[in-house]
Each structure stands twice: as C-alpha cells, then as structure tokens.
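**Student:** Top to bottom, those sequences are chains C and P. Mind the numbering: the first sequence is residues 1 to 152 in the working numbering, read in order. Mind the numbering: the second sequence is residues 1 to 152 in the working numbering, read in order.
Take the hints with a grain of salt, since some may be wrong.
Copies of the same chain are indistinguishable here, so a pair counts whether it falls within one copy or spans any two.
[As the list claims (entries may be wrong)] List time: in silico DSSO-like cross-link candidates among lysine-lysine, alpha-carbon distance up to 27 Å: (1) Lys64 / Lys42; (2) Lys103 / Lys130; (3) Lys62 / Lys42; (4) Lys103 / Lys42; (5) Lys130 / Lys150; (6) Lys143 / Lys64; (7) Lys103 / Lys64; (8) Lys150 / Lys42; (9) Lys143 / Lys130; (10) Lys62 / Lys130.
The hints are simulated quantities; they were obtained by calculation from the structure and are not laboratory data.
Number of protein chains: 2
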Amino acid sequence: MDDFFMQLAMEEARLAALEDEIPVGAVIVYRGEVIAKTHNRKEHLENATKHAEIEAIDMATKAKGNWYLDECTLYVTMEPCMMCTGAIVLSRIDRVVIGALEKRWPAMTTLLEQHQFNHHPDVDLSRYSKECSRMLSEYFRKKRQERLLKDN
Amino acid sequence: MDDFFMQLAMEEARLAALEDEIPVGAVIVYRGEVIAKTHNRKEHLENATKHAEIEAIDMATKAKGNWYLDECTLYVTMEPCMMCTGAIVLSRIDRVVIGALEKRWPAMTTLLEQHQFNHHPDVDLSRYSKECSRMLSEYFRKKRQERLLKDN
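Pulled out of the complex, with its shape left as it was, chain C reads as follows:
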C-alpha cells in the first residue's frame, strides 16, 4: 500500500505547485485509513511553520481525537526538515516514508541517527523518490526562469 499512499501525497504536492507553493505533499494513515491529506501552505498562510507535515499532524490529531499518533504512518514527498522531524518525534508517529531526500540540509535522516530522542520512528525511502525529486527541481527551475524574465 506504500505506493498508493505516496501517490496520494504526490497529488497533494502537485496541488501545492499549482498554488505557487514548494511542492510538498503529506498523507497520514492510521490502521489503513487516510486521516490526513494536505500540502505545504507556507506562502498562502504567510507562516514559516505551515509545512505539509505540520498541517498533516494537525489534521490527524483532530481526526484521531488526541495528540498521540501511534500506529500512524506519514507519507511525505520530501525529507522532513528539523522542525517537522521534531514534530514527528513529539507526536509519536510510528513510521515515515520519504519521497525526495534533502541534499543541502538533510534533517530527518541525519538528526535521528546522530541524536538521542525519546521516540524513534522507522524511516523508509519511497520507490517514487526520483519522481518526487523531479517535481521539486522542476518547480525551482520554473521559479528561476520567472525571476530571470522579471529581471530582464
């Protein structure tokens, strides 16, 4: 089922791109059921903390009725940043499936390895890693072109 849920997260990432947001989508699954499905809304909400994962944790928390997201798997199209890694640890999510790995500021994959925390989610890389990376690089290429056109 991992492929199916990651595809849902990728659909959300596409929606983010359409809204001129960095294309990151996130889905949270609890006992086989999707309880959160959303995307990065930082620009729309003008708030640096509104990453897809934080929004998904908010939704899942409301759906589950409490903050303890055990038995939950988070599917996210890009490696979580430090803030989101912290939120994942705090909300006790069991497992995280990552799309694109973050090359410049790898957070989740390095922080969880190098530091001790009171909860360690399992982390897997999705089969759709390349597609997720491509979505991000296409978005940034388009943004650079727009900036160049604007500057000339």
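Following the hints, put chain P in place on chain C, whose structure we already have.
**Tutor:** Just chain P now, kept in the frame of chain C:
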C-alpha cells in the same frame, strides 16, 4: 529590557501551570514592542505541536503580517526542543533568550552548534534561569505527588 520581557514570559508559564500544562511561556519582541505573548497549550488543544514557541511564532507572524521574523527576539522560559528550534530557524528570528536549559534532551543549544543551517539566531541565557527551572521542577513534583495519591 531582557529581564522585563523574560518576566512576561514567566507570567505566561505560570498561566500554563494553572491550566495544568507544562509551564513554558514565550514572548516575541519586534523593535521593542511585544507582538506575541503566550504559553504551552499542548494538553488544552490536544496537539503535540502546540508548544509555546510555535504558538508565539503564529501570533508574531499574524501581527507582523509576514512569516519573516527578522529583528525579532524570542524570550522563552525553557530551552526550545528540536521542533521549536527548527521553527525558529525557519522564521528567521534574530535572537533567542532562554530561561531553563533542558538537561535530558538539550536541543537548541546542541543542534545549532553541531549542524549547519541557513540561519543561526544568537542565543543567550537569561538571568532568571534558576527561577524558570524551579517552576518546571515544582510542576513535575506536584504531578508525581498527584499520581502517587491516585495510585494509593
């Protein structure tokens, strides 16, 4: 002015304790003006991400009208966790004044030293560090007593 703003944050921490939350308060100051003043609301909102710092960043973002919290100082009565450290970096807060240092899971003080990020806030320890620690240990002592009474 650091002492005055940390006292405001400590007032917020006291409010948190009255609401049966771990007593952490946070204040954000922009060009000498308080634009956010709040406390930990994790239990009340049943959401693991609702730490005082995240709530304060949300408030400051609304007050300032954008996510870029440059020229802002965050006063927080306890060392920020990994999630909050990430949110502070993402929102580009200039400076953080910490009350109690976290002994078991030091995040902000270690993560910022050991990793490269695209923004590094200045971090200072408040003169009220001991008072902030005392507030936390008193809260946890009371909680332990309550649990003992309940179990017997």
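**Student:** A separate judgement is required for each hint: does it hold in the structure or not?
**Tutor:** Evaluation of the provided hints:
In this assembly of identical chains, the alpha carbons of Lys64 and Lys42 lie at most 27 Å apart whether taken from the same copy (24 Å) or from different copies (15 Å). Taking the shortest Cα distances, Lys103 and Lys130 sit within 27 Å of each other inside one copy (13 Å), while across copies they are farther apart (40 Å). Both within a single protomer and between protomers do Lys62 and Lys42 lie at most 27 Å apart by alpha-carbon distance, with minima of 20 Å and 13 Å respectively. In this homomeric assembly, Lys103 and Lys42 come within 27 Å of each other (Cα to Cα) only inside a single copy, at 21 Å, whereas the closest approach across copies is 32 Å.
In this assembly of identical chains, Lys130 and Lys150 lie within 27 Å of each other by CA distance neither inside one copy nor across copies; the values are 30 Å within and 54 Å between. For a Cα distance limit of 27 Å, the shortest separation of Lys143 from Lys64 across copies, 26 Å, qualifies, whereas the shortest one inside one copy, 38 Å, does not. In this assembly of identical chains, the alpha carbons of Lys103 and Lys64 never lie at most 27 Å apart, being 33 Å within a copy and 32 Å across copies at closest. For a Cα distance limit of 27 Å, the shortest separation of Lys150 from Lys42 inside one copy, 23 Å, qualifies, whereas the shortest one across copies, 44 Å, does not.
In the homo-oligomer, the alpha carbons of Lys143 and Lys130 lie at most 27 Å apart inside one protomer (20 Å), although the nearest pairing across protomers, at 49 Å, exceeds that limit. Proximity of Lys62 and Lys130 under a CA criterion of 27 Å is satisfied in neither setting, with 32 Å inside one chain copy and 37 Å between copies.
Of the hints listed earlier, those the structure fails to meet are numbers 5, 7 and 10, in rising order.
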